[in-house]
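Colleague: Starting from the known structure of chain A, arrange chain B on it as the hints suggest.
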Amino acid sequence: MKSDALRGHLDAMVLASLEAGPRHGYAISEYLSRRSDGALTVATGTLYPALHRLEKAGWVTSEWSTVTGRRRRTYELTASGQRALGDRRAEWAQTSSVVTAVLGGT
Amino acid sequence: MDRPAGTCQSGSVSSTIDAYVTSLASATTGRPTRRTPRLLQEARDHLEDAALAGQARGLSRHQAEIEAVSAFGAVEQVAPAYRAALGLTRVRTAAISLLFIVILQPLVWAGWGYAEGEPTATGPGLVLNDLIEFIGIAYLVACPITLAACSAALRGPERTIMVIRIFGGLALLTGASVMVLALGLNALAPQPVDLLFTTVVTILPMSATLTMSTRGLRLISP
Numbered sequence: 004m005k006s007d008a009l010r011g012h013l014d015a016m017v018l019a020s021l022e023a024g025p026r027h028g029y030a031i032s033e034y035l036s037r038r039s040d041g042a043l044t045v046a047t048g049t050l051y052p053a054l055h056r057l058e059k060a061g062w063v064t065s066e067w068s069t070v071t072g073r074r075r076r077t078y079e080l081t082a083s084g085q086r087a088l089g090d091r092r093a094e095w096a097q098t099s100s101v102v103t104a105v106l107g108g109t
Numbered sequence: 074m075d076r077p078a079g080t081c082q083s084g085s086v087s088s089t090i091d092a093y094v095t096s097l098a099s100a101t102t103g104r105p106t107r108r109t110p111r112l113l114q115e116a117r118d119h120l121e122d123a124a125l126a127g128q129a130r131g132l133s134r135h136q137a138e139i140e141a142v143s144a145f146g147a148v149e150q151v152a153p154a155y156r157a158a159l160g161l162t163r164v165r166t167a168a169i170s171l172l173f174i175v176i177l178q179p180l181v182w183a184g185w186g187y188a189e190g191e192p193t194a195t196g197p198g199l200v201l202n203d204l205i206e207f208i209g210i211a212y213l214v215a216c217p218i219t220l221a222a223c224s225a226a227l228r229g230p231e232r233t234i235m236v237i238r239i240f241g242g243l244a245l246l247t248g249a250s251v252m253v254l255a256l257g258l259n260a261l262a263p264q265p266v267d268l269l270f271t272t273v274v275t276i277l278p279m280s281a282t283l284t285m286s287t288r289g290l291r292l293i294s295p
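Chains A and B, in that order, are what the protein sequence lines are.
Residue numbers for the first sequence follow the numbering used here, so the first one is 4 and each next one is one higher.
Residue numbers for the second sequence follow the numbering used here, so the first one is 74 and each next one is one higher.
In short, the hints are calculated from the structure, not lab data.
For clarity, every value in this text was computed on a predicted model and none was experimentally measured.
All residues carry an ideal CB built from backbone N, CA and C; glycine is no exception.
Incorrect hints may have been included.
Listed below are the simulated SDA-like cross-link pairs for lysine to any residue, each with C-alpha atoms no more than 25 Å apart in a straight line [stated by the list, open to error]:
id	chain 1	residue 1	chain 2	residue 2
1	A	K59	A	S100
2	A	K59	B	Q114
3	A	K59	A	G72
4	A	K59	B	P179
Derived CB-CB ranges, DEER-like [said to hold, decoys possible]:
id	chain 1	residue 1	chain 2	residue 2	range
5	B	R291	A	A15	47 to 53 Å
6	B	A281	A	T71	38 to 44 Å
7	B	A211	A	S83	39 to 45 Å
Okay, chain B solo, but in the shape it has when bound:
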């Protein structure tokens, strides 16, 4: 819900903090989001705490907010770290979501084949089917290893960007490959599978992970 200009969540006048958080949000996400990322909520909470502490020391509300914002750091100074943190959250979520999707895919397709009595793929369709299975198995092996390696890498602050590129690239490459191959398999099958089923089971989940990883990677692009 929109709030009147110059008021904060608690209802007090907070134009400086509001302006700062709005500016940080814009520099971080680059666009309005449906919900406030946790990082930005914490930034606002911190600024409110700092302003209240300043008031307790005898500063006016306005002076206390200016001091709080100044100590927090200029938007240009802190925004890159916020973008990296949000990017990391997005690509990591995308990679883990994709892991579950890859695990569930064979089960759902096997269930569909059993229910519909689908004939086994032949010729080029068989090749595509084998490719999808290979990519799925490779991802099942690579994702947990990457998760463990990246958790270790995150113990050094300078490696965050590298971790985002690895997670994002892995999810992007796997999701796009499986999506394209699944469409090809559908087109080449002796009796094409219901496109709606393919869309719901494969295309939509893959698209969601692709979107999430692309957004994460975009946050760290120059």
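The shape of chain A in the complex, shown without the other chains:
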């Protein structure tokens, strides 16, 4: 999938990846890859600046933790981030239903 098509949706997908619980960056990228069956081709390097921005926006928090013997930065969804995810889901449902209706061709 072209990365241009994903622009604007990466934040929502990152927030969704944290809904089940805290994850470190690599686990988030693995989640995105697995859930999309490898269709997401966004450069994983752009994930970390996005996480930092979401942290400063108050939607995620982070802390160093030790995972399988290695020190990693782990991210967690905040209550505000949970609400934002709900809003993004509603927006996406509306957008996709409109686009599907128009592109459906019948």
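Modeller: Only chain B this time, still in chain A's reference frame:
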């Protein structure tokens, strides 16, 4: 501490990852830093994880590193986002530090005046004093509002550069104004305040915030 070429922090051979992170650091900060920014440490950790996963799938260490670096994205592709993230951290820290400095300044100067029995400023000195107070009060009001507004603005990825310019500009303008006015006030005072005291209390803290905000703004300059 310098590590032998071709080895990573864990001691394994990691020339591709090392070269990539060094290149990303150079493209991001443009110069060596005393400590590795958190973003770059996370990038290295990610590449190490990806390389280990590649090895678990049967790739050689070298092939696994090349695959990990390739998936991470070309340095030219990811560096602008890293520069913006680091720039944001710097100008935000500068703006918040300046807020505390502005809050503490009147208390420290009042304490100094009380201890030294300083005469009240008159004439041009009084004008400068009022100007400093006005700038300080304006910043006390503007900074928290800007912080809240910028946190909201950061919820859209395209607004990061705008937020950096607002934070950096606010801190730069306030810090430079107060520094210049404080020096002028010191020179015009009937009994000039000890220059060392002015330097320690006002000039140095303001210089530190100016340097931090300038570095943050420089990271997003073309």
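Colleague: Which hints, by number, does the structure contradict?
Modeller: 1, 3, 4, 5, 7
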